[in-house]
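According to my numbering, the stretch in the sequence shown is residues 3 to 310, in order.
Treat the hints loosely; a few may be bogus.
Cross-link-like lysine-lysine pairs, in silico, DSSO-like; alpha carbons within 30 angstroms at most [claimed, not checked]:
(1) K152 with K93
(2) K93 with K242
(3) K182 with K170
(4) K152 with K242
Treat the hints as calculated values from the structure; they're not laboratory data.
Quick caveat, the model's predicted, so the values are computed rather than measured.
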Amino acid sequence: MKLLLLECLLFGSLVAAPIPVLLDTDIGTDIDDAYALAQVLRSPELELLGVTTVSGDAVARARLAAKLLTVAGRSDVPVYAGLSTATQYMKQVEWAAGFTSPALHSSGGIEFLRQQINARPGEIVLIAVGELTNVAALLESEPGIGKKLKAIALMGGSIRRGYAPGSKPEPEWNIKSAAKAAQVVFSSGVPLLIAPLDSTSDLKLTTERKTRLFAHGTPLTDALAALDFVWTHTNTWSAKLPTLFDNLAVTLVATPDHVLLTALHLVVEADGTTREVADRPPNARVALTSDPAAFLDHFVARLVSPVR
3 MKLLLLECLL
13 FGSLVAAPIP
23 VLLDTDIGTD
33 IDDAYALAQV
43 LRSPELELLG
53 VTTVSGDAVA
63 RARLAAKLLT
73 VAGRSDVPVY
83 AGLSTATQYM
93 KQVEWAAGFT
103 SPALHSSGGI
113 EFLRQQINAR
123 PGEIVLIAVG
133 ELTNVAALLE
143 SEPGIGKKLK
153 AIALMGGSIR
163 RGYAPGSKPE
173 PEWNIKSAAK
183 AAQVVFSSGV
193 PLLIAPLDST
203 SDLKLTTERK
213 TRLFAHGTPL
223 TDALAALDFV
233 WTHTNTWSAK
243 LPTLFDNLAV
253 TLVATPDHVL
263 LTALHLVVEA
273 DGTTREVADR
283 PPNARVALTS
293 DPAAFLDHFV
303 ARLVSPVR
């Protein structure tokens, strides 16, 4: 018994404590947000403290996130709607129409973020995978709140290429949708971990990988299959395969050794262009490249492996 106790103590000391994270998402338009939330849940390196939603109808997005969490057996995770913006086409949210839960809150997202960060100063990473309206509002809500964040990991920007292979940099959706908010975030002094188009545009979830994922048959993968079906037949840009843009931002926090990061100083222009400035100290660590096949295999393996 003493030997077993000693082994447990020694092994336990070698296992790093999970990183506390908050997820800010525009789940319900593109499908990658649903996949990103699933990835957070299946990453033992992360402790999900809560989810906030942003953009379009943030309340409908919150219902969707809360239902997906409940289906996955995580109804304990609080979900708060953040700031809504102009109406967007969001067909996936109908999957959660009428859903209610004690963990679901139709407002209060900024205050929730602030409370969590103040409760654990220097510990929390905020993973932002939508436009940065909530994040900017958070940073402006209380003097010094940004200094209490360990980092902000975000999907956004286009540094040396755009959406298509070999293309020139272009304004990326999350940044250009709220360029002023992005300027607040990029100039905040909070350490930034960034997954731009350069490293995310080629992360297309192939039919073979989707089949393996959906055949797993858990409540979570069944829910993803349903949402993916809706997205496939209703996305307004006629995409056939999901691009897991947002998932790389999760990877930058959960398993950063899988990604090569480059220190850069980035600024956001008024039109949403992200530009690197060579003669200024870095304000971000940026994933400029990725290995799509290795990344996608790792993602699927995470979702179909036994729960740890």
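Decide if the proposed pair is consistent with the structure: K152 and K93, CA atoms, cutoff 30 angstroms inclusive. Roughly 35 angstroms between the alpha carbons, so the hint for K152 and K93 is violated.
Within a Cα-Cα threshold of 30 angstroms, do K152 and K242 meet the stated pairing? violated (37 angstroms)
K182 paired with K170 [C-alpha distance capped at 30 angstroms]
holds (23 angstroms)
query = Is the hinted pair K93 and K242 satisfied, with a Cα-Cα distance of at most 30 angstroms?
reply = holds (16 angstroms)
Checked against the numbered hints above, the structure violates hints 1 and 4; every other hint is satisfied.
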